[in-house]
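Put together the whole structure using the sequences plus the hints.
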Amino acid sequence: QKEVEQNSGPLSVPEGAIASLNCTYSDRGSQSFFWYRQYSGKSPELIMSIYSNGDKEDGRFTAQLNKASQYVSLLIRDSQPSDSATYLCAVLSGGYQKVTFGTGTKLQVIP
Amino acid sequence: DGGITQSPKYLFRKEGQNVTLSCEQNLNHDAMYWYRQDPGQGLRLIYYSQIVNDFQKGDIAEGYSVSREKKESFPLTVTSAQKNPTAFYLCASGYREGQPQHFGDGTRLSIL
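Going line by line, the protein sequences match chains A and B.
Each residue of the first sequence is one higher than the one before, counting from 1 in the working numbering.
Each residue of the second sequence is one higher than the one before, counting from 112 in the working numbering.
Calculated from the structure, these hints are not laboratory results.
Even glycine gets a Cβ: it sits at the ideal position worked out from N, Cα and C.
Do not take every clue at face value.
For the chain B half of the interface with chain A, some residues (derived, Cβ under 7 Å), not all of them [unchecked claim]:
| # | residue |
| --- | --- |
| 1 | GLY114 |
| 2 | GLY153 |
| 3 | LEU154 |
| 4 | LEU156 |
| 5 | SER160 |
| 6 | VAL163 |
| 7 | GLN212 |
| 8 | PHE214 |
| 9 | ASP216 |
As structure tokens, this is what we get:
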């Protein structure tokens, strides 16, 4: 079982819709959770961090964490073509103090 | 302007050659990281360092070496022992242990 799992996509949504990106993780001791956006050929950019159960909102982005279900998600409201990118989920494990990345979900926002 | 500078942007390695990738940051971050990214795969940790003169192996350290003589600098050497070095190499830094916050623009390494 992979430590951090994401559906590779592509996930296609029309412009203005809500894009929902999901991630599951295996280490129950995980402490911190991150979402990075990576445009094609570029380096990742940290867009959201979440540390406790519930929702965290930042502009059009909402991160949701459910530690009991070992599940973290990213919602993008009013999706724009500029949101088209690969979104990487990353989890900081409790024991190793290092971040493990998922393989990413490719999002395509259709104008 | 604060950030992470990686150089070169593209690098070609000949058989049996060691090559060094540069990473410099002016963000005053204690922690620095090297990741490797292959097509369709997530980032895999090669080495990380939390303080000067100290570094730890990540998940795929074989065939790589690093040094951390200055807080600002964390160069990565890809040795001839790394048989499949073609990849996108990313350097990152962060304030908190384990949490890479900023990435450089990356170096693409290929074999000649």
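Cut-off 7 Å, beta-carbon criterion: hint that B:VAL163 touches chain A
18 Å, violated
With a cut-off of 7 Å on the beta carbons, see whether B:PHE214 makes it to chain A.
4 Å, holds
Satisfaction of the B:GLY114 interface hint, Cβ to chain A closer than 7 Å
11 Å, violated
Given hint B:LEU154 near chain A, where the shortest CB pair must fall under 7 Å
4 Å, holds
Against chain A, with CB atoms and a cut of 7 Å, does the hint on B:LEU156 hold up?
6 Å, holds
Please verify that hint: B:GLY153, Cβ, nearest Cβ of chain A, below 7 Å or not.
Result: holds, 4 Å to nearest chain A Cβ.
Using Cβ atoms only, decide whether B:GLN212 comes closer than 7 Å to chain A, and label the hint accordingly.
For B:GLN212, the interface hint holds, since the closest Cβ of chain A sits about 5 Å away, which is under 7 Å.
B:SER160 as chain A interface residue, shortest Cβ-Cβ below 7 Å
At 12 Å from the nearest chain A Cβ, B:SER160 fails the 7 Å test, so the hint is violated.
Going by Cβ atoms only, is B:ASP216 closer than 7 Å to chain A?
5 Å, holds
The structure fails hints 1, 5, 6 (numbered hints given earlier, in ascending order).
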